[in-house]
Amino acid sequence: MLCRTSRSRRRLTEAIEADHLSKSFGPVTAVNDVSIRVEEGGIFGFLGPNGAGKTTTIRLLTGILTPDAGSVRIGGVDIHRDPLAAKLKMGVIPENSTVYGDMTAEQNVLWTAKFYGVDRATRERRVREILDRMGLAGREKDMVRTFSKGMRQRVSIACAIVHSPGILILDEPTVGLDVQSRRLVIDTIRHMNENGSTIFLTTHYIEEANALCDRVSVINRGRIIATDSPERLRKTFDTARYVEISFDRPVEEGLFAHGAVSRVERHGDKWRLYTENPDPVVKFLGALAGREHLSILSIATSSPTLEEAFVRLTEAS
Amino acid sequence: MDGAVFTRSILAIAEKNIRIYYWRGPVVVFGLLFPFLMFFTYFIGRSLDLVAFFPGFLGMMLFFTSSSVGPLVIPWEKREKTYERLLTLPVILESIILGDIVSGMIFGLVITGIVLAVSLVLLHLPVANVTALLGATLLGSVAFAALGTVFASMATDVPSNVMMLSSLVRLPLIFVSGIFIPLGQLTGWEFVLTSLSPLTYLVDLFHAALTGDAVYPPLADVLVLLVVIAMFILVARTVQERNLVKGL
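Chain order of the listed sequences is A and B. What the first sequence shows, in our numbering, is residues 1 to 317, in sequence order. What the second sequence shows, in our numbering, is residues 318 to 565, in sequence order.
Just so you know, these hints were derived from the structure itself, not from any lab. Bear in mind that the values here come from a model prediction, so they are computed numbers and not experimental data. Please note: incorrect hints may appear among the correct ones.
[Stated by the list, open to error] Facing chain B, from chain A, some residues (calculated, C-beta under 8 Å):
#, residue
1, Val99
2, Val118
3, Tyr205
[Said to hold, decoys possible] Over the 10 Å line for every Cβ pair with chain A, so calculated as not near, a few chain B residues:
#, residue
4, Leu365
5, Leu404
6, Leu455
7, Ser484
8, Trp506
9, Ser512
10, Asp530
11, Leu536
The beta-carbon is built from N, C-alpha and C at its ideal position, and this holds for glycine as well.
Bound-form chain A, shown alone:
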C-alpha cells in the first residue's frame, strides 16, 4: 500500500512549507493564519467543507494569489519571491480549470511540457507514455472539446505530470468523475508518490483521503482546526461509535428514541445509530424488532470513521 510505503520512508526535508498565511477579500477573511508542512514523499490531504478556504489556500500555495501575510516555500523556494523557480518544481491540477478544448490531447500535453524546458525527444516520448497510461491511446489526436469530463481530467493530469514534478498539487481531482476515471486518477496519484513525488490533495471524499493520505489537515472558516494522521484523528473521536441495522420493511426514525443513542442517520435501507456504548443499543434494537415484529436483515457495530471525525471537528469549530 502506497501510504504505508510513504510512511516508512525516511523524510529529511519539507516539500511544502506555508507559514501563517492570511488572505482577505474585502471584509471576508478567507484564510486566517494557516500553516502547513508537507514532508517530502508524503501524501497530504487537505479537507474542509465548502467555503472553508481550501481553494484560496491552494491558490496561495500555487502562487496565483499573494497572501496578505505569511509565506510559502515550494521545495525551499519562496513562491512569491521567485515564482518561476517554485512553479518549475510542481504540477498543479486546479479544481475549476481545465485544458484547452481547441487543442488535441497530445497538443495540450506537448505544449505544457514546453514551459518546463523538456527537450523535444523527451517531450514526445513522455506524451506517448502518459497518454497511454491515462487510457487515452488512440484519442491523442482528437480535440479535447469532444472528450467527456473524465477524459478531460485525465488530459489535465497528463499535463500536470509531463515534467515528472517533485510536488503534485491536486484540488478535488476526482469530483464528478466516473468510476473508471476516478480509479485511474487515484492510481496515478499512487504511482507518482511511489516514484518520489510529494502529493498535496484536497478532496470531498473523506474515505479517499483516508485510503491515500499519511497526514491530513482539516480547515474550517479559514482556520486549520486539526492536523494529524487519519488514524489518530479517528481515535480522537473514539467515543463516536455506531450500530448499523436494516430491517425487512421500512420503519420511522422515531422508533429509535433511546437514551444511549446520540444521533440517528439513514443510509439507504440501513439506519445508523451513533452511541458512546453500543451494548445497550444492540439490546434495545433486538427488543424493538421483537416488539414491532420486524426481521433484522443485518446488524453491525463500527468504530468511528475519518468522516465522523471530520463532521465532529467542523461542527465543533
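Let chain A serve as the given structure and place chain B on it in line with the hints.
Frame of chain A; chain B shown alone:
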C-alpha cells in the same frame, strides 16, 4: 528570475494564442474585415489620391489587426475555465501580457505585411525609407498589441463585452489620427486633438517612410510610440493584477 524560463513562457503563450485565437470570429471581423471596410467606405466613389492616403490606411490596418487578438484571450480563457491552469504553469503576469503582445504583434505584422507587399507591387507606391517603414511597422504592431492587452484587463469572462469596449475606443481613434484627413491639413483644436492619439504618430511615421512628408520629426514619433508601449504594458499589468482571480 530565470531569463530562459521567462522567455520560454512568453513564446509558449504566444504559440497557444496563435493556435487557438487567430481565426476566432471577433478577431477576423474586428481585426481583418473592419479596416478594409472602413477604407473602401471612405475611398470608393471619391477621387482621392491613393498615394497620399496609403500611409493612413496602412496605419489603420496595423492598428486594427495588432489590437484585435489581445482583448479576446483572457476573457475567453476565463469563460472556458482554462485561465487558472495557465496561471499555475511556470509563468508570471508579465509572461502572459508579453505572450499576448507577441501573438497580437505577429498577427498585425503578417496581415499588414501582406497588404503592404501586395499594394507596393500592384500600385507601384513609393517608399522613401525602407528602414523607417520596417521600424514603424514593428513599433506600431507592438504598441497596438499592447493596447489589446489593456482591453483584456477588464474583469469579465464575456468576450463580446471586451470586443464591444475595444471597438468603442478604437473606432473614434481612427477619426482623430490623421487617417482620413492628412495631419498637415489640420489646424487649431483639430490638430491638438489628433496629437492625443497614439495612432497619429504611427501614421505620421508611415508618411515619413513612404512619402517623406511627415509632420513630426520621425524620432519624436518613435519616442512617443515607445512611451505609449511602456504605458500600455504598465496599465495592463496593474489592472490585470487587480482582476487576476475575478471570473476564475
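Going down the list of hints, with the structure as the test:
| no. | hint | result |
| --- | --- | --- |
| 1 | Val99 | holds, 7 Å |
| 2 | Val118 | violated, 10 Å |
| 3 | Tyr205 | violated, 22 Å |
| 4 | Leu365 | holds, 42 Å |
| 5 | Leu404 | violated, 5 Å |
| 6 | Leu455 | holds, 25 Å |
| 7 | Ser484 | holds, 24 Å |
| 8 | Trp506 | holds, 44 Å |
| 9 | Ser512 | holds, 39 Å |
| 10 | Asp530 | holds, 46 Å |
| 11 | Leu536 | holds, 36 Å |
Checked against the numbered hints given earlier, this structure breaks hints 2, 3 and 5; the rest are met.
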